[in-house]
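Just so you know, the protein sequences line up as chains A and B, in that order. If you read the first sequence in the working numbering, its first letter stands for residue 1, the second for the next number, and so on. If you read the second sequence in the working numbering, its first letter stands for residue 1, the second for the next number, and so on.
Just so you know, the hints here were simulated from the structure itself, not pulled from any lab data. As the structure is a prediction and not an experimental result, all values here were calculated from the model. Where is the CB? At the ideal position from N, CA and C, for every residue including glycine. A portion of the hints provided could be inaccurate.
Cβ pair distances, simulated, as ranges [what the hints assert, rightly or not]:
id	chain 1	residue 1	chain 2	residue 2	range
1	B	94	A	455	38 to 44 angstroms
2	A	477	B	135	44 to 50 angstroms
3	A	446	B	6	46 to 52 angstroms
4	A	292	B	236	34 to 40 angstroms
5	A	12	B	77	56 to 62 angstroms
6	B	3	A	507	50 to 56 angstroms
There are 2 protein chains.
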Amino acid sequence: MFESAELGHRIDREQYRQREPALRAALLQAQFDLGAQKRFPVLIVIGGVDGAGKGETVNLLNEWMDPRHIDTHAFGAPSDEERERPRMWRFWRVLPPKGRIGILFGAWHTQPVLDRAYRRIDGDRFEQQLQEIERFEQMLSDEGVLLLKFWFHLSKKDQKARLKSLEKDPLTRWRVTQEDWHRFEKYDRFRKVSELLVRRTSTATAPWLVVEGLDECYRSLTVGETLLAAMRSRLDAQGRTAPAGGKAEAAMGDAASGKAALGAAAGMMPVLPPIDRRDLLSMLKLDQPMTREVYEPALELLQGRLNRLSRDTKFRQHSAVVVFEGSDAAGKGGAIRRLTAALDARQYHGIPVAAPDEAERAQPYLWRFWRHLPRRGHFAIFDRSWYGRVLVERVEGYCSEGDWQRAYGEINEFEAELDAHGTIVVKFWLQVSKEEQLRRFREREQVAFKNFKITADDWRNRKRWNAYQQAVCDMVDRTSTSVAPWTLVEANNKLYARIKVLATLVERIEQAL
Amino acid sequence: MFESAELGHRIDREQYRQREPALRAALLQAQFDLGAQKRFPVLIVIGGVDGAGKGETVNLLNEWMDPRHIDTHAFGAPSDEERERPRMWRFWRVLPPKGRIGILFGAWHTQPVLDRAYRRIDGDRFEQQLQEIERFEQMLSDEGVLLLKFWFHLSKKDQKARLKSLEKDPLTRWRVTQEDWHRFEKYDRFRKVSELLVRRTSTATAPWLVVEGLDECYRSLTVGETLLAAMRSRLDAQGRTAPAGGKAEAAMGDAASGKAALGAAAGMMPVLPPIDRRDLLSMLKLDQPMTREVYEPALELLQGRLNRLSRDTKFRQHSAVVVFEGSDAAGKGGAIRRLTAALDARQYHGIPVAAPDEAERAQPYLWRFWRHLPRRGHFAIFDRSWYGRVLVERVEGYCSEGDWQRAYGEINEFEAELDAHGTIVVKFWLQVSKEEQLRRFREREQVAFKNFKITADDWRNRKRWNAYQQAVCDMVDRTSTSVAPWTLVEANNKLYARIKVLATLVERIEQAL
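Pulled out of the complex, with its shape left as it was, chain A reads as follows (with noise of 0.2 angstroms):
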């Protein structure tokens, strides 16, 4: 894997006086067409050895191109506030923005590849990360981020030799700790480790790069002229069809003002009803019985339960996220309130999803959803959710059959990375009946207080009742984990809805304690 990065490559300093000055306004132009065209961000990751020029090249890009318009990030030891959430969310909170150049000086590989070399995670572990990491890189490729990983590499012996002239300088000593050299020792396991990251997450979408560091001018060069090819050839692929993620992208542009092409794409599984019609909805009575005097008390003796639970020393490790979805009128703020009932105002966040904003439209589509991830101790309650991709996306048509038929498998992954980090996933959708609805909506219409309950979007999504039904089918048995199940709930009588939410939500966080 490294042999071709050991072959001491080398470009001599006149040959790089006379092509740097091209490449520097060639590369000043491509990110100021990129900022011009906000179409996409630039992720640059940066791995590999220490002393391989790492650091050195980072400055360079950022010496040739406008530093105003580039963010770099290093990773040390992570803060409190990141401690408490998944192991990704660090990263998710510096994902560059569509028309800006992020660096990442070590990435979401780094922390594997250091424990599995100095084995403190066995080799089943580390491929799973690695299969983790492979799956969070093709999802940032296929919402159109342009990543670019580019691997330092220095054979043992120069390592060696560089390190030592490092230290020779006092100009540099600082640069060289005594982790370095620790590192070092363990060279050959560093670089089983690091070839088996390389070949194992060099995928189509985003091969990593090996680079010879020894050399400054080839170094610089092969990294500057990659980025440079990189950028020009999807930022003159505008209008045109883009290869990988440039369908995601157009399909994002066109969600933000209106609807993109519903049309299948080639070689995708149809997704078809069942030929019987007997699918989960239709299988579920709506219609259950409750009573106000069985409710009441029921209400009280599980508000009661959730709110010791909330108290619990043991759930102060742990985190919850409630997801409500479910038909329009299906009572999903009132079950929320009869849940936030329970709780201490300052230990939940409701977090009511509608358009995204400026900010999120420039993101790969989850990132909303990641920035509003609870600390320890919290909960956080999702009014709709990520589901809004395989739901009303899909079904008006605001994204591509490409997008939401991804997006089950993203999902799945996000709410495995919140379950492993102890975060407490309950997830809701609540059924009405088409009759029940209608009659809940003319209700809202008399009532005064409620009337601003209903919308013409109401409406309009009663007008698609089947293919919302077949939508929320897709999405249950696609989605429903065993770390982050489905609950259907039947929402004919709002007060048995209200008691099967309380119940589940406080038995899993009974089970997870």
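For chain A, the structure is supplied; the task is to place chain B on it using the hints.
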């Protein structure tokens, strides 16, 4: 001060039951209107003694209204990310955007009161903090925030009884901590300090409402009806001239879409140019000599010094905010690049300031700068800054005269907070002559890879040259303080300007360490 809140205020339960449903419906309606208008945010600050029903009242507000559109925040020990920024950062980051309600459970007053009651600070320091609070709240109010402050009070006897009764009940025992009793022992001292706080920070725009906390029905109705009246009054003032805050708000609304009225507000001190036409800028000798032979070694020397300073262990206890303002084509970008070239890319962030985005428009003016404040050991380099308000927004009439007039004071306050935290604030105004600017515009139009730097805005601004110069002189006069002085840079010679910028920065950092 607290006498009226020790009268044993009561409302009987029957009366409460009668009034509560209408209040609740009206609050819900007001909350809906707030979200629909999106003209201003509501910020509710809760203070007062332990056991006086603060938590219960906040939970009740969440129950009465829609908890999905209320954000409640409590403030424990600051996180490490918070500790690395000025004291007020943690409050700025949770300010509700227009259209939402934020509830702060304890706020900027909490720490000063504790510190003073426990005699960790003296009376002078406390007084100074009260003044800071007053100015901060005045700013919120001027920015259109509907700020409501409730102080929950109990007499010494009542507090003791209340804490005991909470302790007796197994369901509420957890709520009484050692800390509560510890504070109770100091009741008299807390009372005295609180009284001073409440008196000194009860201004016309943001008075404290002292609420007797003994009777649940009384305190709930008092808070609920006050909140309702305040919201309704602002909501219904739409279109009409609103009282305090209303003008600012209207101006902000206009600023987003275009222009605000420029007419001088009645009673405001008019801003006139000096009668003898002598001003700071006209006294500058813009053509300063500097040859490349002098420049090259000087640049290298200064970059070396800056680099060493940036790695000084003492700098890790500080951070730096560097502000670049200047005429168009004055060479800000070039100066910034000579600066960043001396730093490691991981240590700085460039923040190009353009039009505010959607989230930023929904917040007080300074919010979008607070969010970019650097962590310890880091540089934030602003290419244009908060001074936009007193430059382009003033000259082009994007905000009202009242807004830019008060901005001087708000900016000084902001920079003083940065300084108090150990952040080094360095501000540059780069000035070129009108002739030199024209030469550079023409040059930029001709050179291919520079021509993206010249826009219609640049030509437009040039037409208002004199108005801009006047605005700059006023800005320097009013915001050049001992903690954050302006450095005027004669920039007709780019080499000279870059050296002056670097030398000044190096000197300021050396002084601070």
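* Holds or violated: 44 to 50 angstroms for the Cβ distance of residue 477(A) and residue 135(B)? -> Given about 58 angstroms between the Cβ atoms, the range is violated.
* Whether the CB-CB distance between residue 94(B) and residue 455(A) falls inside 38 to 44 angstroms -> For residue 455(A) against residue 94(B), whose Cβ atoms are near 30 angstroms apart, the range 38 to 44 angstroms is violated.
* Take the C-beta atom of residue 446(A) and the C-beta atom of residue 6(B), compute their distance, and say whether it sits inside 46 to 52 angstroms. => holds, 47 angstroms
* Look at the Cβ atoms of residue 3(B) and residue 507(A) and judge whether their distance stays inside 50 to 56 angstroms. => holds, 51 angstroms
* Range hint 56 to 62 angstroms (beta carbons of residue 12(A) and residue 77(B)) holds or violated -> With a Cβ separation near 58 angstroms, residue 12(A) and residue 77(B) satisfy 56 to 62 angstroms, so the hint holds.
* **Range agreement (Cβ of residue 236(B) with Cβ of residue 292(A), hint 34 to 40 angstroms)** => Holds, at about 37 angstroms.
Violated hints, listed in ascending order, are 1, 2; each of the other numbered hints is respected by the structure.
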